[in-house]
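*Asks:* Chains A and B, in that order, give the protein sequences.
Residue numbers for the first sequence follow my numbering, so the first one is 1 and each next one is one higher.
Residue numbers for the second sequence follow my numbering, so the first one is 1 and each next one is one higher.
If you're looking for bench data, these hints aren't it; they were derived computationally from the structure.
Here the structure is a predicted model, which means the values were calculated and not measured.
Heads up, a few of these hints could be off.
Which copy is meant is left open, because identical chains are indistinguishable; a pair holds if it fits in one copy or across any two.
[Unchecked claim] Distance condition first, Cα-Cα at most 25 Å in a straight line; then the derived SDA-like pairs of lysine to any residue:
#, residue 1, residue 2
1, K6, E108
2, K236, G326
3, K36, G90
4, K6, G57
5, K6, S58
6, K6, E136
7, K27, G90
8, K27, E115
9, K6, R59
10, K6, G141
11, K17, A52
2 protein chains.
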Amino acid sequence: MRVTIKDVSRIAGVSIKTVSRVLNKEKYVSDETRRKVEEAVAALNFSPSLAARTLAGSRSFQIALIYDNHSPYYIHAVQEGVWNRCREEGVRMLAQPVDVESPTLAQEIGGLIDETHVDGVILSSPVTDAPAALEELERRGIRFVRISPGTNHALTSSVFMDDVQAADDMTTHLINQGHRRIGFVIGHPNHMASDQRHFGYRRALDRAGIAYEPGLVRPGTFDFESGMEAAEALLKLSAKPTAIFASNDDMAAGVLSYAHRIGLDVPHDLSVAGFDDTPLAQLVWPPLTTVRQPVRELAYAATDQLFCPDPAIVHQRLQHELMVRGSTAPLRKS
Amino acid sequence: MRVTIKDVSRIAGVSIKTVSRVLNKEKYVSDETRRKVEEAVAALNFSPSLAARTLAGSRSFQIALIYDNHSPYYIHAVQEGVWNRCREEGVRMLAQPVDVESPTLAQEIGGLIDETHVDGVILSSPVTDAPAALEELERRGIRFVRISPGTNHALTSSVFMDDVQAADDMTTHLINQGHRRIGFVIGHPNHMASDQRHFGYRRALDRAGIAYEPGLVRPGTFDFESGMEAAEALLKLSAKPTAIFASNDDMAAGVLSYAHRIGLDVPHDLSVAGFDDTPLAQLVWPPLTTVRQPVRELAYAATDQLFCPDPAIVHQRLQHELMVRGSTAPLRKS
DNA sequence: CCCCGATATGACAACGGTGTCTTATTGGAC
DNA sequence: GTCCAATAAGACACCGTTGTCATATCGGGG
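Could you put the whole structure together from the sequences, leaning on the hints where they help?
*Replies:* Spelled out as structure tokens, the structure:
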């Protein structure tokens with residue numbers, strides 16, 4: 001049968017409560033006793049029941065990661081970052097996909113919390129900006145940290161990168177290479193980052209004294225298909241762009257694919273830039289110039305915030321990095 | 001504070017136990033009573049504590065998905081499949097990454113089970129073939145189902161596709177297009193599927209009366225880099241292959257990338273084939289001819305097996321599909 | 001009309017830990 | 001030598017459910 005604290009206490013020759021103290025690293029346990037208990041725990045290969053700890057105590061040793069993001073790469077990186085920090089803490093991570101559009105979002109999150117008693121929650125974009133979710137968490141007084149939120153929310157901590165600056169940097173990079181007609185593919189409307197990247201693009205143009213042309217800007221949904229469609233629209237213009245900056249790598253791959261299809265040589269006929277630096281960026285030809293987003297680190301830092309006993313509200317910014325690869329090149333003198 | 005069964009029972013005017021009965025859909029509850037309880041549950045927005053249910057009852061309403069796979073696409077698809085079936089069942093999924101190579105693998109899994117009391121486990125490759133993991137699960141008498149195991153194990157259910165046949169099909173496809181010198185990139189040695197795909201390649205050659213040339217076969221590790229390296233080695237041979245079949249899409253993308261780099265035109269100078277049909281296959285140029293592996297369906301079916309009350313051992317095979325796209329073409333007559 | 005199995009409900013003790021309170025036992029400071 | 005705070009350990013109730021057993025009512029066959 002199951003090994004319980006009782007068994008451990010018998011072997012160690014101490015009370016149940018003392019074993020519990022050792023397990024929880026409490027003060028006021030003699031070294032001698034601690035040693036005996038630890039030996040007994042090891043001998044029996046004892047792992048305490050989370051269910052019992054949760055029920056009796058005030059912690060559940062579990063946190064939830066709530067996400068609704070259709071990019072496997074992104075989710076995977078976030079999960080890894082959160083998980084890495086959790087494992088250091090001896091805490092379990094519950095990965096919880098949701099649908100931000102669902103009218104029952106708040107209920108689902110509330111149910112999750114009631115069922116699991118999680119100690120805290122990590123929110124990943126775009127759930128970071130779903131009012132229903134935020135309200136529910138606040139109503140319950142659950143501590144949570146947001147990864148790359150798009151909206152300000154003074155009352156909770158967050159960890160993010162500067163999407164505006166990053167898009168500005170990339171656009172500036174293209175301008176410095178001599179491009180003047182730079183197409184832009186906007187991201188999914190659900191994600192606030194889409195607006196920010198769009199704004200960064202615009203800001204860089206302004207600064208360089210290049211007029212913003214709505215015709216050079218196309219909507220997208222962060223997926224390959226929408227990148228292809230945007231590229232088609234842009235490249236059929238009579239005044240074609242010489243470079244296209246897509247708001248993420250998947251869409252950039254779509255642009256690349258369409259360019260190949262119509263026989264364009266990237267980067268000589270057309271420069272293409274992406275955003276995120278997912279592994280995909282290096283799996284296409286030519287490898288994508290893109291912005292490295294430190295997703296794993298963001299997730300790790302967010303989880304760290306969650307575990308930090310200091311309840312101060314912190315907004316931590318992590319640095320992005322321009323990854324210049326083969327898909328962009330200086331404009332050919334013609 | 002927390003809403004408990006007690007509150008529900010008070011509102012509904014019945015005993016705690018009766019509420020519990022309704023929650024668990026037990027027999028012997030009158031329609032009238034069931035209705036009253038359901039109303040009270042809805043009114044209070046009650047969700048039962050999993051911790052308490054686990055502790056008191058014989059089920060935990062949780063299953064674990066254990067994996068160690070470095071392909072985000074694959075993991076994501078598996079998680080989705082398992083999760084979809086879990087949500088129908090009202091069961092929680094614990095996604096648990098592990099390191100198959102770790103000497104403490106069995107301990108970690110044992111600890112997971114002790115801590116969480118999971119009702120069952122889904123194993124994804126390559127954990128499916130880690131003896132330490134299998135032994136631990138058996139010792140504890142936990143029910144588990146394996147997704148795409150590489151080894152036979154008569155005592156537990158599994159869900160899989162026929163890797164040998166699929167690789168055979170792909171190789172045959174290339175042969176039918178006129179290719180005779182077909183390079184092959186083997187997968188990661190940890191994965192049994194690697195051997196099976198390798199074997200399928202060989203079987204197709206045999207049947208077609210083409211000699212197996214060890215020089216045309218290169219080791220790989222399922223990642224982009226290793227695909228590139230293999231391509232380099234193969235394409236520097238004096239007797240170059242006219243087609244390269246890589247054991248997965250990432251490596252095929254590597255082959256593609258190297259081919260582009262040295263100025264080859266795919267598919268006219270070289271045909272390239274992959275395996276898995278990850279989204280990546282359509283994010284490269286030209287889109288990859290590959291084998292669609294029904295990962296989501298496999299995961300869903302495996303979870304279904306786990307929930308099935310019938311304890312019969314079932315080995316369920318799901319069908320693969322050849323996805324012919326632009327990266328392969330008939331050999332040019334020269 | 002009586003008895004019995006099927007139906008419907010409740011009382012109460014677990015489940016395996018932690019929180020709180022109580023009870024020694026120390027080792028200085030006065 | 002006495003007193004008190006700090007240290008060390010145990011007793012016991014309780015967390016929110018489910019399992020088991022007891023009890024009550026109902027409908028139909030003899």
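*Asks:* Hint by hint, which ones does the structure fall short of?
*Replies:* Every hint satisfied by this model.
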